[in-house]
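Trainee: Chain by chain, the residues run as shown.
There are 2 protein chains.
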Amino acid sequence: MAYWLKAEGRESDIAVSTRVRIARNLAGMPFPHRIRGTNKVPKVKEPIKKAFLRPGMDFSLIEMKSLSPVEKTRLVEQHIISKDLAASEDGAVVLSPDEAVSVMIMEEDHFRLQAIKGGFDPEGTFEACRELEKMLGKEAEYAFDHKLGYLTACPTNVGTGLRVSVMLHLKALAMSGTLQSALSSFSRFGVTARGMYGEGTSAGADMYQISNQITLGLREEDIVKNISTVVKSLIEKERDVRRILYKSNKLEIEDKVMRAYGLLRYAKKINTEEAMEYLSWLNMGMGMGIVQPCTQDALYNLVMDIMPAMLAAEGGTAAERDKARAELIKKTFV
Amino acid sequence: MAYWLKAEGRESDIAVSTRVRIARNLAGMPFPHRIRGTNKVPKVKEPIKKAFLRPGMDFSLIEMKSLSPVEKTRLVEQHIISKDLAASEDGAVVLSPDEAVSVMIMEEDHFRLQAIKGGFDPEGTFEACRELEKMLGKEAEYAFDHKLGYLTACPTNVGTGLRVSVMLHLKALAMSGTLQSALSSFSRFGVTARGMYGEGTSAGADMYQISNQITLGLREEDIVKNISTVVKSLIEKERDVRRILYKSNKLEIEDKVMRAYGLLRYAKKINTEEAMEYLSWLNMGMGMGIVQPCTQDALYNLVMDIMPAMLAAEGGTAAERDKARAELIKKTFV
Numbered sequence: 011m012a013y014w015l016k017a018e019g020r021e022s023d024i025a026v027s028t029r030v031r032i033a034r035n036l037a038g039m040p041f042p043h044r045i046r047g048t049n050k051v052p053k054v055k056e057p058i059k060k061a062f063l064r065p066g067m068d069f070s071l072i073e074m075k076s077l078s079p080v081e082k083t084r085l086v087e088q089h090i091i092s093k094d095l096a097a098s099e100d101g102a103v104v105l106s107p108d109e110a111v112s113v114m115i116m117e118e119d120h121f122r123l124q125a126i127k128g129g130f131d132p133e134g135t136f137e138a139c140r141e142l143e144k145m146l147g148k149e150a151e152y153a154f155d156h157k158l159g160y161l162t163a164c165p166t167n168v169g170t171g172l173r174v175s176v177m178l179h180l181k182a183l184a185m186s187g188t189l190q191s192a193l194s195s196f197s198r199f200g201v202t203a204r205g206m207y208g209e210g211t212s213a214g215a216d217m218y219q220i221s222n223q224i225t226l227g228l229r230e231e232d233i234v235k236n237i238s239t240v241v242k243s244l245i246e247k248e249r250d251v252r253r254i255l256y257k258s259n260k261l262e263i264e265d266k267v268m269r270a271y272g273l274l275r276y277a278k279k280i281n282t283e284e285a286m287e288y289l290s291w292l293n294m295g296m297g298m299g300i301v302q303p304c305t306q307d308a309l310y311n312l313v314m315d316i317m318p319a320m321l322a323a324e325g326g327t328a329a330e331r332d333k334a335r336a337e338l339i340k341k342t343f344v
Numbered sequence: 011m012a013y014w015l016k017a018e019g020r021e022s023d024i025a026v027s028t029r030v031r032i033a034r035n036l037a038g039m040p041f042p043h044r045i046r047g048t049n050k051v052p053k054v055k056e057p058i059k060k061a062f063l064r065p066g067m068d069f070s071l072i073e074m075k076s077l078s079p080v081e082k083t084r085l086v087e088q089h090i091i092s093k094d095l096a097a098s099e100d101g102a103v104v105l106s107p108d109e110a111v112s113v114m115i116m117e118e119d120h121f122r123l124q125a126i127k128g129g130f131d132p133e134g135t136f137e138a139c140r141e142l143e144k145m146l147g148k149e150a151e152y153a154f155d156h157k158l159g160y161l162t163a164c165p166t167n168v169g170t171g172l173r174v175s176v177m178l179h180l181k182a183l184a185m186s187g188t189l190q191s192a193l194s195s196f197s198r199f200g201v202t203a204r205g206m207y208g209e210g211t212s213a214g215a216d217m218y219q220i221s222n223q224i225t226l227g228l229r230e231e232d233i234v235k236n237i238s239t240v241v242k243s244l245i246e247k248e249r250d251v252r253r254i255l256y257k258s259n260k261l262e263i264e265d266k267v268m269r270a271y272g273l274l275r276y277a278k279k280i281n282t283e284e285a286m287e288y289l290s291w292l293n294m295g296m297g298m299g300i301v302q303p304c305t306q307d308a309l310y311n312l313v314m315d316i317m318p319a320m321l322a323a324e325g326g327t328a329a330e331r332d333k334a335r336a337e338l339i340k341k342t343f344v
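Chains as they are written, first to last, in the numbering used here: chain A, 11 to 344; chain B, 11 to 344.
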C-alpha cells in the first residue's frame, strides 16, 4: 500500500494522484552523463546527505547498486524512480518514510526532487516539492543562469526544471474516442498526455498522466495554474461523457461493469492486461455509483500492486504471478 | 420449474434426465399424414379421452391450435412436444399434472407415449411409459403385425416403437475431443448421440441425448439394457476425463469455473449461447466440488428456463430477454 494514496484526495473518482518534480544541478559540476563512474559522484551526494540524512530526519538513502532487479522495478512501477535511474550504477534515491517526497540522485540531472499526493492537488504538491527544493538548496549551490533560469542536462527542462503531472482515469473519454480532441483543445497550455507508464506505453487501465511540456519562460505558479485549469476541465469532460454514456447505454454499461467485477472477484488467475481492463471498468462503475466493492484508494493501490514486478517481489513465475494477482484482487473486495 | 426434475435422480451430476417414448397407432386407421384435416382425426382422439380424461384423472388435453406460437415453443424447449407436433393443426398433447408423462397425438404416429424422470433411470422411466401404454391399450386397438411387431408411420420405429434417451452433460468428453471416439466404441449397441435440441442442433451447454437407433428385432428389455450399459459407461468415462483434467489443470479448470460463475452472477444481460457455455462450466465445477451456488436440479432447470421462448412467454424483445435471462440466473444463485 502506497501511503501517500491513503489520504483521500480531491476529485479522486477520476484523479488518481498529483506529482511534481523539480530538476536541479550543482553549480560548477558537469552533468551526470559526463561524470558517471568518476570520483566526482560522491560530491553530488554530499549535499543530499547534509540536507536529508542529518540526525532527527527520517529520510533514507537507497543506492541503486544495492537493489535487486525486482526491487528496482518495483520502485519504477510505484513511480518513485525512473527506468534510467534504475539502470544507473551511480544512481541513488532519498525517500521520506511515507514515500510522498523523494529525490533521485544522478539521474539525467544531479537532483530530481519529487512530491506526490493522492487525488487532484497541483498547488499542494508543488508546495511540498518546493519545500524539498529549499531544504536541499541550503546545502547545495544550484546551477543557475540569470537569463535562462535553472540549468538542466536536457534543454527541455531548462528554466524552472518543473514538471507537474496529474494521473487521471479517463475511461469514458478514451472509450468514446474523444480523448485526443479533448487534449488537443488544450495544446495552447503546453500540456501533454501519456500512458500510465510513460511515453509510448499502453494506457494501462485507461490511466493518463497529464503534464506540462514547457518549463521555460513561465513562472512556476503559472505552470501549476495551467495544469490545474486543463485537468479540471478534463475531469469535467470525463464526467460529462460518463453521464451521457450511462444515460444512453445504462444496461450496457452496468453489464460491462458488473461482469468486470464478477471476473475480478472470481478469477483464479489473471494477467496484468486483463486485470487492468476490468479494474478500469470497475473504477468507472464505482464513480457512477453502480457498485462499491472497495474504497477508491484501495482500487488505485491495486492498479499499482498488480504490476508484474510488485508481485514478482514475492517470487515466482509468470503463471504464479497471475495466481497471486487474482488472490490479491479477491482480498481487496472482501 | 419442471416438476419431474425436482426429484434428485441417480448420477444427477452428469445425467440430467431419462426419457422414454413409445410409438403406437390405431389398427385399421391410416397414419396421421394420410388423415390430416379429415373427419377421422376425432376418432384418433377418442381412446385418449376415454383413457386419460375420465373423471378422477388429472390429465389435461391441450390442442395445438389453441396455443400461441410462444406457448408451443415453450413446450418444445421443455421436450414435451416436438416441433412437428407444434406445427400440426390436428395435433394435441395429453399431460399429467407434473408433466412427467404425456402423450403426443397426431404427431408422426397417432400416439407418442412419453415418460421422463430426473437423473439416470432407464428402467424406471420405461416402466412409467409402459404403464401409460397399457392404460391407452385398454381403450385402443394398436396396429400390430405378428412378424414385425407394432406398426409405425416411419419404418425406423417399427417393432417396439420404443426410444429410450438419456440426457448427459458430457462437458469433459466434449472439450477433450474424445466424445466421438467414446461414442463410436458403442456403435454395436445401436446407440446414437445428438445435441440437446435434436439432430444437427448445437450441443447447448454440452448436453447430449444418448438414445437407441434400433427398435426392431430386440426385446424392449434389451433396448433399455443396452442404453443403460452405454450410458453407465459414458458417465464413467466422463468422470475419468474430469478427474484427469482437474488433476492436470487444477488452476485452469478452477479459473474457468469461477469466471463462469462470476459472469453468470453479475452479468446484467446475457444471450442463450453465452449463458449455456457458462452454465456448462459451472455444472462441471459443481460436479468437481469447486463451487455449489445452487442445487443440481435448479441448475438443470435453469438450462431449460433460459431458452428464448421460455423467456419470451413473458414478452419482450431479444434485448429484453437477455436482461430477463440474466435476472433469472442471478435469482437462482441467491
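Be aware that a few hints might be false.
Below, computed lysine-lysine pairings styled on DSS-like, alpha-carbon distance capped at 25 Å [to be verified]: (1) B:Lys-341 / A:Lys-266; (2) B:Lys-59 / B:Lys-148; (3) B:Lys-279 / B:Lys-341; (4) B:Lys-266 / A:Lys-278.
Please keep in mind that the hints were generated in silico from the structure rather than gathered at the bench.
Source: prediction; values computed, not measured.
Trainee: Hint by hint, work out which the structure violates, then give me just those numbers in ascending order.
Mentor: As far as the earlier hints go, not one is violated by this structure.
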